[in-house]
Amino acid sequence: MRAPKPSLMISIPSQTSFLGLVRDVTKKMAESAGFTDGTAERLALAVDEATTNVIEHAYHGSGDREIELRIEDRGPEFRVEVVDSGATVDPRTVPRVDLDRYVTERRTGGLGVHLMEKIMDSVTFRRSARRNVCCLVKRKDPAP
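If you count by this note's numbering, then the sequence shown holds residues 1 to 144, one letter each, in order.
Derived by calculation from the structure, the hints in this document are not laboratory data.
Any given hint could turn out to be false.
[Claimed, not checked] Here are the computed lysine-lysine pairs in the DSSO-like style, where the Cα-Cα straight-line distance is at most 27 Å:
| no. | residue 1 | residue 2 |
| --- | --- | --- |
| 1 | Lys28 | Lys118 |
| 2 | Lys5 | Lys118 |
| 3 | Lys118 | Lys138 |
| 4 | Lys5 | Lys138 |
| 5 | Lys28 | Lys5 |
| 6 | Lys140 | Lys28 |
| 7 | Lys28 | Lys138 |
| 8 | Lys140 | Lys5 |
| 9 | Lys118 | Lys140 |
Predicted, not measured: the structure shown is a model, and the values here were computed from it.
Can you make the complete structure from the sequences, with help from the hints?
Set out below in structure tokens:
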């Protein structure tokens, strides 16, 4: 009998002071799923960005709300869902980023969705039971 793949569900307050915990937990779970240290770091960054977007956009900076993280090793893929009960944000309304202009204008912020899409294989947004669910998926390389 094979050992079950690890999965984890945590709820954190909608405060940026918890982002370090989000990164640490995501990185640890990604490493246990078999990703290299560098890839695990990038996955943690993508989940940090998704969580930051909830705090800033869905909850408009309110620190007394809750964000749920569901992290799963599903065998061929690593999946993280970031769930909130805040305002709905239509990802199609997020402006596309012109990285060259972004750099020359020395802007900060606004790269969240772009960054998540660069790191992950799939980033989707849906409404479920009156909650927003951002689902981030990274496929594992098939074993040689």
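Going through the hints against the structure:
A distance of roughly 21 Å separates the Cα atoms of Lys28 and Lys118; the hinted pair therefore holds under the 27 Å criterion. As the CA atoms of Lys5 and Lys118 are separated by approximately 26 Å, the hinted pair is consistent with the 27 Å bound. The suggested pairing of Lys118 with Lys138 holds, with an alpha-carbon distance near 11 Å, which does not exceed 27 Å. Taking the CA atoms of Lys5 and Lys138, the gap is about 15 Å. The hint holds against a cut of 27 Å.
Taking the CA atoms of Lys28 and Lys5, the gap is near 14 Å; set against the 27 Å cutoff, the hint holds. For the hint linking Lys140 to Lys28, the alpha-carbon distance of about 16 Å falls within 27 Å, and the restraint holds. Straight-line distance between C-alpha atoms of Lys28 and Lys138 comes to about 15 Å, which keeps the hinted pair within the 27 Å bound. At roughly 14 Å between alpha-carbon atoms, Lys140 and Lys5 fall within 27 Å of each other, so this suggested pair holds.
Restraint check for Lys118 and Lys140: the C-alpha separation of about 15 Å stays at or below 27 Å, so the hint holds.
Violated hints: none; the structure is consistent with every hint.
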